[in-house]
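Chains as they are written, first to last, in numbering that gives the first Met the number 0: chain A, 0 to 371; chain B, 0 to 482.
One or more of the hints may lead you astray.
What the hints assert, rightly or not - One side of the interface only, derived from the structure: several residues of chain B facing chain A at Cβ under 8 angstroms:
hint: 1; residue: M194
hint: 2; residue: G198
hint: 3; residue: S247
hint: 4; residue: Q437
hint: 5; residue: D451
What the hints assert, rightly or not - The calculated DSBU-like cross-link candidates involving lysine-lysine, where the alpha carbons are at most 35 angstroms apart (straight line), are:
hint: 6; chain 1: A; residue 1: K132; chain 2: B; residue 2: K48
hint: 7; chain 1: B; residue 1: K166; chain 2: A; residue 2: K132
hint: 8; chain 1: B; residue 1: K401; chain 2: B; residue 2: K48
hint: 9; chain 1: A; residue 1: K286; chain 2: B; residue 2: K401
It is worth saying that the hints were derived from the structure and are not from the lab. Remember, predicted model here, so these are calculated numbers, not experimental data. All C-beta atoms, glycine included, are put in the ideal place defined by N, C-alpha and C.
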Amino acid sequence: MTITTEAEVVEAIRSAQAPLSLRGGNTRGMAGPGADLSLAGLRGISLYEPGALTLVAQAGTPVSEIETTLAAEGQRLAFEPMDHRALMGCSGTPTIGGIFAANVSGPRRLAVGAARDFLLGVRFVDGQGNVIKNGGRVMKNVTGYDLVKLMAGSRGTLGAVTEVSLKVLPTPETNATLVLSGLDDAAAIAAMALAMRSPFEVTGAAHDPAQGRSFLRLEGFETSVSYRTGRLKDLLAATGAELEVLDAEPSATLWRDLRDVAAFHGAAGDVWRVHCRPTEAPALAAKAGAEAHLYDWAGGLIWLRMAPGTDLRARLGRYDGHATLLRAESAAQALLPRQEPEAPGVARLTAGLRAKFDPRGIFNAEALALTP
Amino acid sequence: MQMPTPDSGIIARKARVVARLRAALPRNAVIDDEHETRAYECDALTAYKCPPLAVTLPASTQEVSTVLRICHEEGVPVVPRGSGTSLAGGALPTADSVVLGVARMAEVLKVDYDNRLIRVQTGRTNLSVTGAVEEDGFFYAPDPSSQLACAIAGNIAMNSGGAHCLKYGVTTNNLLGVTMVMMDGDVVEIGGGYMDAGGLDLLGLVCGSEGQLGVVTEATLRILPKPEGARPVLMGFDDNAVAGACVSDIIKAGVLPVAIEFMDRPCIEATEAFAHAGYPMCEALLIVEVEGSDAEIDHQLALITEIARRHNPVELRESTSAEESAAIWLGRKSAFGAMGQINDYMCLDGTIPVNELPMVLRRIGEMSDSYGLKVGNVFHAGDGNMHPLILFDANKPGDLEKCEAFGADILRLCVEAGGCLTGEHGVGIEKRDLMHVQYAPADLEAQLAVKDVFDPAWLLNPAKVFPLDVTEGRRGSGASVAA
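Pulled out of the complex, with its shape left as it was, chain B reads as follows:
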C-alpha cells in the first residue's frame, strides 16, 4: 500500500506550526515529541505505520475549530482520529500531517428519554453511550465488535455497523444530528433532535465520509428501549448452500431476527480448538437470535426451527437459559481471537447479495488453495456482510503481500457477485486502490466533487478512500497555497 510522499516544505515548517498550535491551545493539548507521537503512528491496521508531524488533543468544539483553522492557514493536512480502532487505516497519519484526536471530548451532554435521544461528545466510546442509559432501560443500537474501545466519532466517519443491523440498522440510521467543524474552522450544525432533513440530507452524506468532509465533535443519537429478552438458536448444516437456503427461507417466512451469524468449517474448527464452545463439526453453522417476551421468543424460535428442520440440520440447539445462550455465542465471539491464535490474520469486510453465498464461498475456497493461505469465514448472513479472515505469517517475507493480493481478489469477487468492497469497516487506505473495481470514473468524480465543496484545499484525511492517482491533482493544493 503506497502513501503519498510527504511534503518536505511542511516538515521544514514543523516548528512554526507546532508553536502556533501551542500558543492557541491549553497545555498538554499538543504533542510533537517523536517518542510520543509514535503512539499515534497507526490504528488497528498495524501493518502500516507512520508517526505524524504532531498530535493535537482538543477538549472542545472551539479548540477543534482552532486546530483546523491554524492547519488550514498553514496548509497542513489533518488526520482525524477517534480511538484508532479502524481496520482500514482510516486514522493512519502521514509524516506531514497533524493528527486531531477527539479522545478528550467524551461527555454526555444530554439524555432525553421522552424524545428517545442522547447528545454526546464524539470521543465517547460506543459502549459507554449505552452505558449512560442502560440503567433506565435504553441502549444505542449499532454495535461494532470494537464497541468497548471505538469512539462515536469514528463510528460516524465509517458509518459503523455491527451484528444486529438486520433489525436496527447501522450508524446512519441511528444518527439525528451533528456539530461539525469544517476544515477552515467554521462550525456547522446539521440535523438536530428531529427526524429527517428539511433540505439536502447532508447528515447522510457526512456519515461514512471517513473524516474527509469535517470533524464531528458532537452527535445526537437515537436511543431505543431494550427488548424484554433475547435468545439464540444454533444450527449446523453439512452444506453451505443449504445453510444459505435456510437463511433465505427464514427471511421469506416473515421472521425478522436481530442477528443471523454464519461460520464456515475452517472457522468452526479454529474456534473449537480455542474456545471449546461445543460446536458441531460441520460445513456451516448458523446462530439466529430473536427478541421479545418469553412467549414471543418461543413462538419465533418455533417457526425458525421448523424451517431449519426442513433443511436437515446436523445439529439444532435451542437455548433454554442465559448460560446456554452465552455458550452458543461464545464461539462466535471468540472467532477472531481463535483465528489469531493460529497465525496473523487479515480481516476483510465485503458484502454480497445473500443468495450468492454458496458461489462466493466455493470461489474463496478455490482461491485459498491456489494462494496457499488458509481462510475462515464469519458472515452476517442476514445482511450479506462477510468477514473472511485470511491467515498469514507476518514474519515470512512475501506473506503479507500474498495475503493482500488474496484479499483484493476476494473483494473483486464480492463486487462481481453484485456486492461491494466494504460493508462496515470503511475504505481507508486498505481498499482505496480497489475503488476502480466498484466505481467508474464518473462515479468517483461525483464523490470527489463533494469533497471539493466541503474541503476545497483537500487537507482533511486526503490520502484515503480514493485511489491516489485519481486525487493527485487535488491533494497538496492547500499546501502550495499556504507556502
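Extracted from the complex, chain A is given alone in its bound form:
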C-alpha cells in the first residue's frame, strides 16, 4: 500500500509489530533493516510565501519540485543540499524530508549554515503513533524546546517526519570562482582561511589535491562580485598561487560537481566524511592515507575515498570532530558503525531520547551508532 497521508503513517506505525525502515527517496544511505515505510507518497507544497522567504511542504515532496518552484521566484535552498545519487550509485527520487532527516548541506554551509539552520518547523509521528508538531513557519521562534533541531539529522530514529517548513533565500544575480593553482594541502587550507577571514563574503571554499587547485566562490550582484573578486585576488597574491577567475556558468558547474563529490563518482572504495576544525584538516588527511581526498568548507569537511574496510577512525585517533562512513562495501558496513560512536555522557542522552520517542525501538535501528 502506498502511504499518502499522515493518518496512514500513524496507522502504519501503530500497527507495526516489527522494526520499520523509514525512507523517502532512499538515496542517502539512511535506510536500515526492517520493513520499508516509505514517506515518498506524502507530496505537495502547501504554502509558499516568497516575500516572507518561507515554504511548507509534505516530507515526500521531491527536492526537484521544490527547487523548480523556488527558481520561478528567483529563490533557492541556500544550504545547497547535495544530490547523493551518483556517489551512492542509486537512482531514487530525493525528497525534502530526506534532506532534513540527514541534515544534508553542501559547500555553502560554510557561509549560510546547514540544512538544520533553515528548518523552521516539523510535524512528525513518534514511535507510538503520536503526531507531534514543533516550531512553525516564522524565522524567529523560541517557543518551547527546539525539537526541530533534534529532528534534523536524526536519520529517522526518533520519528517519521511528515511535513517540513523551511526558510528559503533569494538566488543572487551572479557568481564567480577564483581558482588558485599550485598549492599543497597545507598552503591551500591557509589560503582558504585567509579568504574566510576577509570581509568579502566567500560562499564556497574547497580544495582538490589531485588537481592541486583551490576554489573560492563569490555570489551577489554583478558589480559586487567583480569588486570582491578583485580584492580577493590582491589579498591572495602573496600565496604565490597562480590565479584565474571562472565566470558564472563554469563556476556554477564546478560547484555542482564539488557539491556532489563528482571526483569520486564511479570509483570503488569506501567513502567517508570527516568534520573537523579546518586548520587540523591537512594533518588528519595525512594520517588517513586515503586513495583520494577533497576538502570542502575551507577544510572543515574532508571527503575521503578509502580501501574497503579500512577503519579510518582508528587511523585518525583523537581530534575535535567526527567521521561518518557514508558509502561502504557490505563487509565494512558490518564491522564499522556509520556514525562516530559518541562519548558516554552524550551516548546516554541519545539513548534516553530514543527510548522516549521510540520506546518500542522500531525505527531505523542501525542508522545511528549507539555506545560501541
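Let chain A serve as the given structure and place chain B on it in line with the hints.
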C-alpha cells in the same frame, strides 16, 4: 502569574543545604543572608519577585558541578542565572530554590581566527565577546538589545536574537559547542570547534532550553569578519500595509539587508518627543540597513530606494555620512526608553508571518481601544518578530492585570496569524500559561519527555516554560526522593 507553592521541607533544611554548599565551595561563593539574596529576587521582568533560599556563584565548571551535585542529592531546585536580563522571568527564583549565577566565569579561553571561533566562559557578556575580537576585525553576530549586560549563558538558554538576524541568524546558528553540567553534576561536551553533529543535534536542543536541561559553562562561538561598512536608509509611509508590501518587495527583489526595522505611529510619536530624531510623522517608518563596500552599499540602496519610490513614501532619507546614519538609528534605539518616559510598559515578543503585518497591527489597534491601554509597535520586519510595547501604570490597581490580559490577547493573535508566542525573549514564566495556545498536549508531552531525559528529577528551573498544571506530576519528584 502563579508560581508553585515552595516546598516547606526544603526551606526547613536550608541550614544543612547551605552548610554543604559552603563546605564544598570557596569563601564568598555562597550567599544566604536575606538582605543579600534579595539582589537576586528577580530579573528584568520586575513585576515578579521572590528571594531564593540561597545564591551560589561558582567560578569554574568543577564548582558548578559541585553545586548541582549537592542540590541534586538534597532535592533542591536550581535556578540558573546569567546576568538577570530576561524579560520573561527566566531567572525568577522560588523560595525553595538555589540560584546558580555564572557571573564569575567570564574569561575568554581561546581565540582562533583561522577557524573563526572563540571559546568563552558563559558568564561573559555578549558585547564583550565582540570586544575580545573587534580590534582584529571580527565580531560575534547575535546582538540582543541588552547586549551590554546579558551573558552568553542566558543567550544560549533563550536562543537570543537581535536586530541583525535576517542575515546572521540567532544564537543557535552561531553556536558550535558547549561544555554543559547536568543536574547530577556530570559534565558533558556537546559539539566542538567543527560544524554539525555526528549524531543527534543535542546542541540545537540545548540552545533555547531556558536553563532546564543543564548549565552551560563554556561555549565555542562562531565569529565573523566585520563587513567593510554599513549604511541605513529611512522611509516613511502613510499606511502600514504599504510599508509591509515594500518590505516584501525588497526581499523578493533579491536584496538581503542586515536589518529591516519597523515603527508604527504611536512609537514614532513617543520617540520624537523623547529623542528628537527628526522622524517624519507618519503611519509607518522603516529603517533598512545594508552592508558592504561603499560602492556595494550604493548599489543596494539604489535598488531599495527604487522599490520604495514605487510605494509612494512620504519620506525617503538615505544616509551619506556616519552622523546621518547615527541620526537615523537614534530614534529606533531610543524607542523603548521613549515609551518608558510615558509610562510603565510591558514589552511583548511574538512573531508573525511578515505578510500578516497589516492585519495584526489593525487588530492590535482595535484591542488597544477596547482595553483602554496605549500600545506602540517596534518590529523586526525582515523576520516577523514584533515587539508591541503596552503602556500601563504600575501604581494603578488592576492596570498590570489588564496589561497582561491585553498582552496575552496579542500573543494569541500572533499564533492565530501563523506565528508564535515568542521570537527571541523566551517563554519563562511570562508566556508559560499560553503554551496551550500554540501547542497541543502531545506537542508539549514530547518536550517534557526531553526534560525527563536530561533532568529526570525536574530540579532545573522547573516552574518555567510549561503550564504548571502540565508539569505538576513531574515537579517536586526530586524533592520527595531526597526527603
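Okay, the hints, checked on the actual structure:
no., hint, result
1, M194, "holds, 5 angstroms"
2, G198, "holds, 5 angstroms"
3, S247, "holds, 3 angstroms"
4, Q437, "holds, 6 angstroms"
5, D451, "holds, 7 angstroms"
6, A:K132 / B:K48, "holds, 34 angstroms"
7, B:K166 / A:K132, "holds, 26 angstroms"
8, B:K401 / B:K48, "holds, 19 angstroms"
9, A:K286 / B:K401, "violated, 67 angstroms"
When the structure is compared with the earlier hints, a violation turns up for hint 9 alone.
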